[in-house]
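Colleague: On the provided structure of chain A, position chains B and C as indicated by the hints.
Chains as they are written, first to last, in my numbering: chain A, 13 to 350; chain B, 23 to 366; chain C, 814 to 1106.
Check each hint, because a few of them may be wrong.
[Said to hold, decoys possible] Mimicking BS3-like on lysine-lysine, the simulated pairs with C-alpha atoms at most 30 Å apart in a straight line are:
no.: 1; chain 1: A; residue 1: Lys215; chain 2: C; residue 2: Lys831
no.: 2; chain 1: B; residue 1: Lys182; chain 2: A; residue 2: Lys15
no.: 3; chain 1: B; residue 1: Lys162; chain 2: A; residue 2: Lys261
no.: 4; chain 1: B; residue 1: Lys127; chain 2: A; residue 2: Lys245
no.: 5; chain 1: A; residue 1: Lys245; chain 2: B; residue 2: Lys185
no.: 6; chain 1: A; residue 1: Lys261; chain 2: B; residue 2: Lys158
no.: 7; chain 1: B; residue 1: Lys185; chain 2: A; residue 2: Lys19
no.: 8; chain 1: B; residue 1: Lys65; chain 2: A; residue 2: Lys261
no.: 9; chain 1: A; residue 1: Lys261; chain 2: B; residue 2: Lys182
no.: 10; chain 1: A; residue 1: Lys245; chain 2: B; residue 2: Lys158
no.: 11; chain 1: B; residue 1: Lys185; chain 2: A; residue 2: Lys261
no.: 12; chain 1: A; residue 1: Lys261; chain 2: B; residue 2: Lys127
no.: 13; chain 1: B; residue 1: Lys176; chain 2: B; residue 2: Lys158
[Stated by the list, open to error] Computed footprint of chain A on chain C, listed as stretches where at least three residues anywhere in the stretch have a Cβ under 8 Å from a Cβ of chain A:
no.: 14; segment: 1046-1060
no.: 15; segment: 1067-1073
Read the hints as simulated data drawn from the structure, not as lab findings.
In this text, a Cβ means the ideal position worked out from N, Cα and C, and glycines have one as well.
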Amino acid sequence: MLKFILKRLGLLIPTLLGVVTLVFFMIALAPGDPARIMLGERANAEQLAQLRSELGLDQPLSKQYLLYLGRVIRGDLGKSIVTQQKITDELTDRLLATIELAITSTIFASILGIVLGVAAARKRNSWVDYSTMTGALVGVSMPVFWLALVLIMIFSVGLDLLPTGGRMNVRLYFIPITNFYLIDGIIMWFREGKADYFVSALKHLILPTIALGTIPLAIIARTTRSSMLEVLKQDYVKTARAAGVPERKVVFRYALRNALLPVITVIGIQFGLLLSGAILTETIFAWPGIGKWIYHSISARDFPAVQGGILFISFFFVMINLIVDLLYSVINPRIRLK
Amino acid sequence: MTDTATIETSATGTGELLGIDNLSVSFHTRRGVVKAVRNLNLKIREGETLALVGESGCGKSVTAHAITRLVPMPPGVIESGIIRFRGTNLLSLPEKEMRSLRGSKISMIFQEPMTSLNPVFTVGTQIAEVFVTHEKLGRKEAFARAVELLDLVKIPDPAKRAKSYPHQLSGGMRQRVMIAMALASPEPGLMIADEPTTALDVTIQAQILQLLNELKKGVGMALLLITHDMGVVAETADRVAVMYAGRKVEDAPVEELFANPRHPYTVGLLGCQCSAPSNRNAVRLTSISGSVPDLLTLGDGCPFANRCGNVKNECMESFPDVSTAGEDHEFRCHNPITESGASS
Amino acid sequence: MSDNIKEIAPPAEPGFWKESWYQLTRNRAAMAGLIIIAFFALIAIFAPLAAPEDPLEQTISARLTAPFTDGYILGTDDLGRDLLSRIIYGGRISLIIGVVSVGISLTLGGVLGLAAGYFGGWVDRIIMRVIDIMLAFPYILLTIVIVAILGPSLTNAMVAIGISQMPRYARVIRASVLSEREQDYVLAERSLGTGNLELMFRTILPNTLAPTIVQATLGVGEAILSSAGLSFLGLGAQPPTPEWGLMIASSKQFITSAWWVVTLPGLAILLAVLGFNLLGDGLRDILDPRLRD
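In isolation and in its complexed conformation, chain A is listed as follows (with noise of 0.2 Å):
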């Protein structure tokens, strides 16, 4: 097991480099010159090149790539132009805001998704499996920005329900503890003795999450549904059910159990794509997280903060399908004591 998790831990150094050379030159090769795009076309020559040698970019390429390197290993991403901020800072910021998203996202799928295709598997080509794998179907055909604006015009404009964005009410003046707003609301509740704070951070969440975990759901219920299919055909199925045990717990005890283990997997790798694919749902609903900074820094061509920010989510997504790797080691006896 320890020999397994340095090999996979050797693994990620190569990966890593990979991933920081890639960006770097992505950003350095672009066509065009960064600093004049950043600038704009009025800008005169001494501003550009006072530019760029802030950015660095009057050295030679292999040198900008080997101090770009030498920064990125100190845990240094550089300043963004637009605020003028250390771009770990802003990340960090926002980080915690757009985690509290993808978990409540992911458990949203996770649930539903297991549940769903568990149903769908146990009731082969009934019209709950049907049903099940049709939504499934036109959940991953749906674009992720539409079905929050479709969810904003009937549970927002249409029923007045829920709000359009933000974390939380904003006449709730609220300073933040973890920054994980539900835990924050938590902790408010016990100090003031209302459930305001909680309540408002649970209903900004509730929109965010349905769009963000929507296509997180389909992918989950397919696969459960295969995978439950797969085991139900097994043999040790059949002797638990010859063994009289009844058929509540021959599925949810014995079948389920190994049926997850794919389905972990995939939750994980979902869980770490929401951290990424959430700039589209997090500028639509206002969510102060990554995803919205990152469009941002996009529209006001800040490529420092661009890089920066893609690079970090990138770390974020390969560290955590890491941990899924090890995790499924971890659950599955077959593989964990080889």
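Modeller: For chains B and C alone, kept in the frame of chain A given last:
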């Protein structure tokens, strides 16, 4: 429901543990209706070992699944018949009562010990599950009973082995675990063993058969042994029923069948037995020429007609009635082998 | 294993495609997908005939007309342009984006996958290393960043989608080349002195078609979704192009008053992508050897 089931079948002979009357099972597939078992009659007495013999696809496994009511439905349909277990018709039992029989009075072990155990639970937990289900024992107590059973099936260091996962055990060990699981009941009546030794090495096969024989006598249960291996039959069985293409073609005590086979198919099966019974490669039924007919396109005639050396005109037209040869020996053939071995 | 592949994928034989087509016609979901795609393809080709109005013509007096009023079947947008006509022309754009993006991916991924699978050794190692690194980036993020660098336009969106989707084609093609490379017919050709390039393109490539077709069908649907997303963010098509994602973006402030301007173009995207996903799923069931038994 149970009462009526008992009444309608109360007229059973003494000593009968399991009686199957006129059982027919079909599978409704896209290509048509497959008649997997047709008009089957079988009888197992208390404490007896009945071997159900035939090539794969002859309906022997379907019969076993019908007894435990584990035939997948759909596509499976039980068209007709009664399966009496100690006087109760299993086919009309409510699912809940059937389930309480499964694993307690009727237990089953399968061919592939590799895949028949759940890979994500320890073997001890899986055996304990039977006690939890049927005797409502607590987990701890059930686990202790599981360890006792592992000892009973002669697994060394049972306390440690109980905490192993299936993939950590050898094939023979796993089959022992399966047997232990089948024994995990207060009063085992019938154990159905579906090709229990086919997937094992020759030496392990012999050990497992010996273990089954010992346990059977010790516990006093009956054994329905499903196999295509006449060597296994000779070593283990009291009676033999031979099936072909969903039909039972011959049924006799084991000595009688080996000494005096009447159906040409049985002779073919025994003829394959050209080398030592423990050599499993020699037991394959390859020396009967031709192949099993497609169960979809079976006509009214004898299904063995296309492969039979003794075929007559009437074999193509109708399936023969039951003939008897002495006490307790039945067969269905228009042109049976005579005792001298020649055709009449 | 090798027996298996021979049995399943001798696509050089016409019988394989005939049999696959027959199975496809019996797969209801896949046929539904094919019909949806054919429908969009037809109105895309005959857009000038199918559209009742010019998609760019503004009738300010008829701004935000509701569907089925004043002769506008699907209503008008905030500039009084006929929504039905814009959706029809949008279909043309989306299909072109889907096909061109996948074409770019296929060309790049095909060359890399073939080279990696055929030559093996260090060529394979370098190519697969790069592919692995590309896969370390979340797909959507990679696409957005490439467009951001190249500058926002429809052409650049297609290039970005093409590059981001490339790794999966390279992998699929490499995998099938690896399994084909050792097949008897390739060895036979090689012993007859057929050159590397000819062998790769004339003999091996056609035999990697089945899995590639599955991937490409699903890829077109995903490309349509991605380009709509890019346009929604202002990184793809630019106004006044009648692109579906852009139509939603430019009218999203009217969702309080005119439901149709956002809902209808979105439904068009959903339907078109659903068509490709239905067909792709069906094709996978039929063509993917791993799912056959």
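Colleague: Just pull the numbers of the violated hints for me, sorted ascending.
Modeller: Hints 1, 8 contradicted; others consistent.
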